[in-house]
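**Q** The task is to assemble the complex, starting from two chains supplied on their own in separate frames and drawing on the hints.
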Amino acid sequence: MEVEKNVQNQPHVEMSTAKPCRSCKWQTPDPTDPHRGQCTANRHAMGGVWKRWLRDVENTTCSRHEEGKLSFRDHV
Amino acid sequence: MNDIASAKVLEYKGNTLRFTPEDPAEAKIPADELHEHLQKPSTARTKRLKERCRWKHASAGEFIEKSVTAGIERMRYLTEAHKASVGQPEAIRRALGLANVLNKSTLVLQEDEFIVGYHAEDPNMFPLYPELSHMAVQDYLRSDYSPQPADEAAAINEYWKPHSLQSKCQPYFDPADLGRMYQVSSMEAPSFASGYNSIVPPYETVLEDGLLARIKLAEKHIAEAQADMSTFPWDGTKGLDNIAKIDNWKAMVIACNAVISWARRQARLCRIVAENFETDPKRQAELLEIADICQRIPAEPCKGLKDAMQAKFFTFLICHAIERYASGYAQKEDTLLWPYYKASVIDKKFQPMDHMGAVELVEMERLKISEHGAGKSRAYREIFPGSNDLFILTVGGTNAKGEDACNDMTDAILEAAKRIRTAEPSIVFRYSKKNREKTLRWVFECIRDGLGYPSIKHDEIGTEQMKEYAKFSLHGNGATDEEAHNWVNVLCMSPGIHGRRKTQKTRSEGGGSIFPAKLLEITLDGGYDWSYADMQLGPKTGDLASLKTFEDVWEAFREQYQYAINLCISTKDVSRYFEQRFLQMPFVSAIDDGCMELGMDACALSEQPNGWHNPITTIVAANSLVAIKKLVFEDKKYTLAQLSQALKSNWEGFEEMRVDFKRAPKWGNDDDYADGIITRFYEEIIGGEMRKITNYSGGPVMPTGQAVGLYMEVGSRTGPTPDGRFGGEAADDGGISPYMGTDKKGPTAVLRSVSKVQKNQKGNLLNQRLSVPIMRSKHGFEIWNSYMKTWHDLNIDHVQFNVVSTDEMRAAQREPEKHHDLIVRVSGYSARFVDIPTYGQNTIIARQEQDFSASDLEFLNVEI
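Taken in order, these protein sequences are the chains called A and B.
Residue numbering for the first sequence follows the working numbering, starting at 96 and increasing by one per position.
Residue numbering for the second sequence follows the working numbering, starting at 124 and increasing by one per position.
Hints listed in this document are in silico derivations from the structure and should not be mistaken for laboratory results.
Here a beta-carbon is modelled for each residue, glycine too, at the ideal position from N, C-alpha and C.
Hints are supplied without guarantee of correctness; some may be wrong.
[As the list claims (entries may be wrong)] Across the chosen pairs, the derived CB separations fall in these ranges:
#1 H107/A <-> S669/B: 29 to 37 Å
#2 G210/B <-> S158/A: 35 to 43 Å
#3 K227/B <-> H130/A: 55 to 63 Å
#4 H943/B <-> D151/A: 38 to 46 Å
[Stated by the list, open to error] With a cut-off of at most 25 Å between alpha-carbon atoms, the simulated BS3-like pairs for lysine-lysine come out as follows:
#5 K901/B <-> K561/B
#6 K901/B <-> K164/A
#7 K120/A <-> K189/B
#8 K556/B <-> K901/B
#9 K368/B <-> K343/B
#10 K373/B <-> K343/B
Just chain B, with the same shape it has in the complex (with noise of 0.2 Å):
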């Protein structure tokens, strides 16, 4: 077994450097048991969190703990709502379906818990959604995880199905078309047919003004709107225009009333446990502190650090889980809860404590965020392997002055990180030249300790592309240029804007997949499908004789393209019109400043644009084109039926014709040859077909490659391709990373060839393993530091990294039982890796680990 200590030697700028651990007590550890020594909880509370932590990870569509079930409690009460408010507006439907569901469901208090509150009647359970689509629940119905009673969720699931965001859609397409997204390998299935969605909370609101406010906001509107209606002379041009606006401030009272009672629920409860069942006395004072922080808020507005985690939290349950399921965990934490981090640890005006106590808060935030329970649809149980869903938090960048937006918050949320060791949420960094080293540090730490986050975002190009998209805000309010510096990532990958109104709402402003790979592989059959549907999953594009040239390949895949995305598009803005009239959000409508001012719902509401979709399999496309060309049409070694005929055999038979597509020019090598091909196809088809669409929002739709576990799932759907992989093997696991093991030129070479791809790219995802004994030396900051610099100089998007040995990975595969802590970067998201299957566990193992050479060194402009 090989230690941490490498006997690596390096020469450089003449001297020897030797990566011998930064702390010298590491250096007898096993490499494979690495992991086991770096968590640290601050406190013995959140050690026995963690210990007794719920988990609900998911892998291959089931869950890996078998306690995990769906509840009822929400599907009943939102479905008794929806029956006995027939005949009343729609909006106010929804709004008494939210308080329904918070006045009757069940609430859950854990021990040793401070931060309180579930979404559903059991720790174990998560809810269902119906009203979004029936399918993703009769799956449900016939899993392990059914709902019990399982008659009366069968009964509520066929009540919902002439109601559901599903039926409302569908009878606006082509089966066939449908068809052909539900199977999830050109294109991923529409929202309405598996209920995923995305959401950034305008949790400002409610920390600074509370719930209170926000009513009395809605009240004199209504009050306003029924005057303006009552004023002579009577306009109907206008007047009328108040009918549905009041409806809406109408629906957000009730919200917001329904809310605060379910708080104050949760206070009672813990005062009664407090003063009837609570025998420790330390306990006990702490409940009566719980409820006293419930009984002010969300209704008030927040004085301290522990008011403002407990709102957060609350707004977190309903905008995620209860009022609509949405996946994400979108805000800007450490400018979110500064001034709260401020009062309490700094001035000690409120909830006083000291730093360590503040990272103790956002340890157990951790713990609340990995025992929360997501009802995804069988697609998305797949897609995040070894998740339970995706959540990720943004820090770090600019403010909106232009100044570096680190603060001691930002440390405390990364301390936490970095000693809690939970998979979620995962953490964006948006890197900034003027961010302090002190949180850099903290950056690297986490990075280096195996976390696979925080995954950097280049400030800049986050910033610059908020203020482009607010040029095409339809009624001229998209995001000024000082709010253009308020941005998080939505999900894994796409900026969009945070604050007290202009966020996203919803997915089907921006969200959802479409897979080069497969479109490729189908464009050699004429749109058929051969390798795994076996049904034309496209236009008829003209057979293998018709394509007499590599422009007319290219063209061929463009139609094909032009078909997936439009569609994928369209069915998105589809959703998005019955969403706003059948699933209001009257909650998050009342808690953005937009809708309440303009009397809107949120999914109707759209200030700035942020229209995005995310490629994935990308590389596996352009390397495939990369062979074609060469082999093909330029060294004419083969024919394209040559290829045909060995593609169909998955190269049985053809042993030498696949080592020479495996051996053309690769992706991520710094080759002219292939890095020419590949940049124009990122740049004129995958972004350049995609951007000439306009959404709903009245922007530019536009890519933001990146990978999650659909890498393996879409690969597992595709058959061989010309790059000389097999049928069913994995995809390329980033947006623009190198495809597994073939950037055989170190990580310099790397970060030159992505950073050739600059136009019409939202973003793309760079997937890179790094040395584990490199970054664990006493050098590993100043080679990170040097990389982070000219990876930020070179304008590349983004980065996310691996540092976790091969030996530590196989160990776990041996003995899963003895690695539950081994965190792994899977793609956009990390995942314990016992939880991940085992083909998917080879494929982070098959990645290529970079060492850096003393020229990668020299690029880097390394000061050792």
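For reference, chain A alone in the conformation it holds in the complex (with noise of 0.2 Å):
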């Protein structure tokens, strides 16, 4: 259960899922490639990103899921 938990805490291919990385206020594009993307959900207290590249944002999501986007101020 523990385990299945943490699944769905992290991004994880769930293919044509209402809630896709793409329209996630913290996934940002891929620096090269658009079909990819990056989510920034991982943070430090002092403001630092730790980010994980996202292979597929249509048909990638978590339960972290907010739709929006994150002003450049708290990117890197």
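**A** If you want it as structure tokens, here you go:
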């Protein structure tokens, strides 16, 4: 059960999800390939971001999904 | 709140030193509002121009100003010409593309400006380059900055997919390798995927000859080549070479004519506005003067300083934004403009003005560059946070005779920078002990005002480097010993030749980055990236159990590094192969004496090799190796398996262990243990392995360590590291700078550490933060001047300074709207502090602010 919860917390493949990383405020596009993305949800107290690469932003999701877009001030 | 005056008192050589401000009026200025008192535009006009400047700064991939967007005209007219020119030689198609853009694009003329010209249809816009990378344009199409109409832009991008540089190059690489590069975590993406580029335009030929003379030269060469082809007896082994040459010369003629017509369109526009719309007689006269200038130049040689500034700006727009995108503002501006300064300011022969007239012109130039928009890919909108692009010009140094090259134009450039206070363009000062003190004082004034520039490069190191590279010239026509003095920074850090020929024309010659911190991270996991992409990122160099000694770790890292750097350089050379076949630059070729003489395209001709690549995050990797050697293999306090477990837990539950690794010896403290390992790392691996590679031009590729904003971006893609760093934390902010906050032994200990790395380096960025009260005190110049002399004698390549207080940066975080004029040095470029993301701001605040002790002053031999 604990393992299941952790999986839901992390970006994981869910084909045709209604909450894709693409629309999540914590997602930012991949620097090079627009089909990929980066998750910026992991943050330090100092404001640092530990990114995770997203292979497929249309079909990846997690329980922390929130619609929106962060200001540039909240990125690195 | 602190004030600027320091309470510090120092006993030095029997004297009591107090650091009261050199300008007594500053004593009462609160430390958090200093910058508000430093801006002094030379005229009301430049003050107005700055107030209405259309900044295009970007951070985290986003433009700060909401009105900024991509234009469509360049891509529309380039595509129209490409479709209409099917079947013609590729060089000529490229020239026709440029001509169509210049003939049809909307012109922009703004109030108050004296230097005219823009590269998009609206001053809030910038052009895009679908012929380079369709992925980069696709990113814009999905963004808030998409060109309109969006359907047309999408169709244009679709059209270019099979024709783009990206599509030409990709098939020659394993998709897995490219996928690793595209992530920008261990390697920068290749230029064919990002479209990023650099150039040193041969401005000299435009200013000295004018384009009509270049056209005559090309036509003469065409006639000679045609005559050669009809000469008896025909020799097919040589005669056929004329075909490509004739095509190139014809393309040059088309390009030059198009640029002249475009400049004359600007002239007509100014005249129409003056004669039909402008009501202010003074501005009316000025518009007619601009019309006269644009009618004459760049067609004809420049005669005065106004001519030269305008011709230079037109050339910049074509070479950096219209014919092809290129970052940078490389030029030896004081040398280039000196004859025209002399004609206008000293001899008053043409366009007479006084020195302050020259200063005003430079201020206007700086604002034109500040307004410039670059259609960069997302990666490059992320990695220079707070700026619009990298714009860096060079001044100072020595001339071809080895004499001081500083002149009154140098001083005008520096004075204008100090007065107008813009982050762009940044300035590099080539430091020589022959430089006159008057100019050094201007350099110091800019630095202590917190501009973050000039950054300083060692004049002799750069000159010797040009001589060394010349030895590898494939046709024996590299820089002569005299020409070796004619160097500028191509971008932030790497010297390259400037002048009428032998300059760098494409970033496939030199540029791009490799990230040792990430490579070290995956070395500890057999090449697997567990912390960012969850995939194999490099060769399978073996698991932890196979790393039984420190040398095993060292060699595994070497293998990861060899793989990555080989891929980086081979992608650049493949780009070069296709650039000269499908991305010719007829205008750049026309203004290069070598290309003109030989009938070659600028991407094909290489006279002076200049191979380089930027290692970024080297110190995180190096400090990590030191900690591993000491704590795992020497003290045996921990095993590699324990370290790996702690790293994969992001040190959670391993705090005592993290503190041990954090406290292990660090770079920048003149610590022989750390410095010995790290010097070997730089010289044997970072430089030693890189220089084994030979690039397109036949020369070695050498490291130019620096960071730009990648120290934050790559840090965010790098997991925890054995130097005690947490996952995602920023990496080191220079090429050879100590990690932020770990240089505890003062500024001279940093210099001593850095001076130990001498072999196999092309350049290394040293970022230092100096105390505001000390620099603004009556002793500031003497201390800085002594520091520079010592730096020079230690044979260190580079140094740049932040002189901005924590008070002021914290105040700007609290109330950004009040601090738009606060500028900081990020790394290799300066930026408006308030346009940088909060975390980036914090990394600058966290840098060690270097104070000076009595023993530091003694080491520097300060005479007070």
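**Q** Against each hint, give a clear statement of whether it holds in the structure.
**A** Each hint tested on the structure:
| no. | hint | verdict |
| --- | --- | --- |
| 1 | H107/A <-> S669/B: 29 to 37 Å | holds (32 Å) |
| 2 | G210/B <-> S158/A: 35 to 43 Å | violated (58 Å) |
| 3 | K227/B <-> H130/A: 55 to 63 Å | violated (34 Å) |
| 4 | H943/B <-> D151/A: 38 to 46 Å | holds (40 Å) |
| 5 | K901/B <-> K561/B | holds (17 Å) |
| 6 | K901/B <-> K164/A | violated (49 Å) |
| 7 | K120/A <-> K189/B | holds (19 Å) |
| 8 | K556/B <-> K901/B | holds (22 Å) |
| 9 | K368/B <-> K343/B | holds (12 Å) |
| 10 | K373/B <-> K343/B | holds (11 Å) |
Going down the numbered hints, you'll see the structure goes against 2, 3, 6, while the others check out.
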